[in-house]
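Input sequences plus hints: build the corresponding full structure.
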Amino acid sequence: MQVDMTVNGQEVSEEIEPRHLLVHFIRDQLGLTGTHWGCDTSNCGTCVVLIDGEPVKSCTTLAAMAGGHDVQTVEGMEVDGELDPVQEGFMQCHGLQCGFCTPGMMLTARALLNNDPNPTEEVIREAISGQICRCTGYSTIVRSIQWAAAHESAVTVGTSNGSAS
Amino acid sequence: MTATEPQAETDERPIGFGRLLRKEDPRLIRGMGNFVDDIQLPGMLHLAILRSPMAHARIVSIDKSAAEAHPKVVAVITGEDLAAQGLAWMPTLSNDVQAVLATDKVRFQHQEVAFVVAEDRYSARDALELIIVDYEWIDPVIDVRKAMDADTPVIRDDLDDKTDNHIFDWETGDAAETEAIFASADVVVSEEIIYPRVHPAPMETCGCVADVERVSGQLTLWSTTQAPHAHRTVYALVAGLPEHKIRVIAPDIGGGFGNKVPIYPGYVCAIVASLVIGKPVKWMEDRTENLVSTGFARDYVMQGEIAATKEGKILAVRTNVLADHGAFNGVAAPVKYPAGFFGVFTGSYDLEAAYCKMQAVYTNKAPGGVAYACSFRITEAVYLVERIVDCLAYELDMDPAELRLKNFIQPDQFPYETKTGWVYDSGDYEPAMRKAMEMAGYDELRREQAEKREKGELMGIGLAFFTEAVGAGPRKDMDILGLGMADGCELRIHPTGKAVVRLSVKTQGQGHETTFAQIVAEEIGIPPEDIEVIHGDTDNTPFGLGTYGSRSTPVSGAAAALVTRKVRDKAQIIASGMLEVSVADLEWNKGSFSVKGDPEKSVTIQDIAMKAHGAGDLPDGIEGGLEAQICYNPENLTYPFGAYICVVDIDPGTAVVKVRRFIAVDDCGTQINPMIIEGQVHGGLADGVGMAMMEMISFDEDGNCLGGSLMDYLIPTALETPDWETGHTVTPSPHHPIGAKGIGESATVGSPPAVVNAIVDALKPYGIRHADMPLTPSRVWETMQGNHTPPI
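Chains as they are written, first to last, in our numbering: chain A, 1 to 165; chain B, 1 to 792.
Simulated from the structure, these hints should not be mistaken for laboratory data.
Chain A regions said to be covered by chain B (calculated; three or more residues, Cβ under 8 Å):
id	segment
1	73-80
2	121-129
Restricting the straight-line Cα-Cα distance to at most 16 Å, the calculated cross-link-like pairs of lysine to aspartate or glutamate (EDC-like) are:
id	chain 1	residue 1	chain 2	residue 2
3	B	Lys72	A	Glu17
4	B	Lys336	B	Asp479
5	B	Lys419	B	Asp350
6	B	Lys658	A	Glu122
7	B	Lys313	B	Glu395
Sample of chain A residues lacking proximity to chain B, with all beta carbon distances greater than 12 Å (derived):
id	residue
8	Glu54
9	Thr61
10	Met65
11	His69
12	Asn114
13	Pro117
14	Asn118
15	Ala149
16	Glu152
The structure presented is a predicted model; accordingly, all values stated were derived computationally and were not measured.
We put the CB at the ideal spot given by N, CA and C, even for glycine.
Structure (structure tokens):
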């Protein structure tokens, strides 16, 4: 079957099997390997992408279900050479070690900050609680997101078209 | 500096040690890492493994015809096919053998039985369903306590003359001396202490891409390995491939924690497939395969005993351990240390005697044993001693902090030889303990606890003090499969003064690309951003045994410092020629040599690098170029230590445990990058909360693994973990060239006893002295009702 969607602002139209998972479509067919796969059961969140701005686990989403929607992956976070403050925050605050969970964590953080520019630590922890990091013990991820909140520019980047939300 | 070099908010950019943003991060935060599953080669095929549904069964027949008829299937291979090539079995890292694919019978649930190679990953999985295997059930051996019973089925009937499930007996310490002390001690406390089977579960599962080039026979293997050089040699020995035709590349690795040290059947299958088919072949586990078949950790049933005076002077510790090694002895530990470094179970205390007796057995469970940041079984050792010390404190009605402070090895006793023969290099324990207590506000916490107990509220304060033994190891004592545990390092300074350093170790998130640049920078004064760190590629790095057991900084870090000094010594001779003074008249100013007493007369390391490669004569006997290579053989292990305090609250109505605070004071000697050290500690602390309260790989009586997904094997999230409070003291290692000791596993070693001690302390009003991990709400609830049962 054919599926059409917008990925990181680009329209894509591809032939797929109906059973293809979104994570495999993004990684294998589109070659966007920044989205990772970790568990199959929606527990680990390394596969999180934004669909219409909402964090979604792409390992348990059919590619066909994303048809007609707006998908954003980690590759779309940097706009015109400018890092998203969330990306910058993860570097500044040592929010990553092996980097495998990082794309999913950052996209969840981006969605959170789009809805709540000044989240408390409790709210941040709740927001990332559907995702697992085996390296950092989470404190530095929380700090990274707080750093990003404190350094957000007037125009919120990170939505797929780069416009203010 | 490149455009993507991360810039800190402050101007601080240390040339050497200090907080420095990571060189790894710019690619990883852009999704531009290169993990094994990201690799796509032209014509690449996909491999999937058929696994046994039973824990113990004879294979009667395998019908692969339907799978072979699948239009997208290229090959279906069984154990019999491999046996024809002499490849059905492979050596483990403990000189046992393990089936690559089962031929005679399966010995654990999810053991590898056959594999399919197909054009895409979905078709490979589809075809697994088409293979029909007829099994004949054999009663599995699941309860480790019954593995040596007389009527128990023999799991390893593949081994000659094997009539039971025994693997080895091991002992350390002096049995008679220890018994004498126990016989006359005022107080003796005994407790069965279990460290259940857990799993490292790195976020990236294991996998590889094997590509055998048909004409030259060159094998390139992109692999999730923590030890690329050791793996290359083992492949050469197993498959008979010439070692110079094997290139193992470990690209970005999504966490290892020891899970990526062993060689798994899947790697061998992918190599065989590529060899036979002549195309690149990718194998990636799914999460279930990772949890049920790859290197587990722990699984020790320990009888602990401690002897003391009634005043609280600890005299001796004794333990009897039953070790469950699963179906194949796949422990990755130095050959002379079948129980890893469990011998440090004497902990941080000055004892008069100690003794350990251990028996290791086979069961119908997945092989493994040394993984999950355990520092070769020090997790088990530290858990035993720190738990039994708390049991003693309970019996003496003594504060556990006071009991520990009373018994520490004193600073003037270092180097300290323990009663089991380990020589602790340096330590100063009391200041670390006092610092943790001060950070925690220990006395105030105890007052709060007393008030809460009056009101029926459950609050616990748990302490643990650990001494680690890392940096394996001196080659006179330590080897894996005959490979000495030394590490090479090569440094080249290019003509323009930029450098490239090549390591035998391999980061899985620890930040080697940053810290090793800092070590070189510290020694030679070239900024870290001008130093490229090459690692994880056997064709482009010197030989060494890899990253596990917290060994990178103690062994390879020492190699990096010493190779840089070697280059600097040569640079000094070249500088003497340039400045026309003798070598002895030069002094080093981190980045330049100047003439003593005349600091204006100097040359930078960059000037020297250009001279070394440039025109004109060099001093007599000095070759051109500015580079060196060494292989570092450590003199001893290093012994990091730390004091941990955990504070928990338990809801008496639901038995839900909340970790309120966790204070960790670590001493890893000289600190290279405090930011990275803090990160290493944080990660290990979360592991500790996980193991103490959530994680366990369990089995039912038929041998079905009950922890086969992340829905069943629970890993802590941001909600179960507190905001960690960390501090440090610095006691350099006297024998390490920069005094560093290693930090990768300290927190995983030290935190489980702190969390368990806190939970047991909270339950003191119920008369509880011990409870086994994992302390889930249901297990805590049962404990509160007086129904605590061991987890295995």
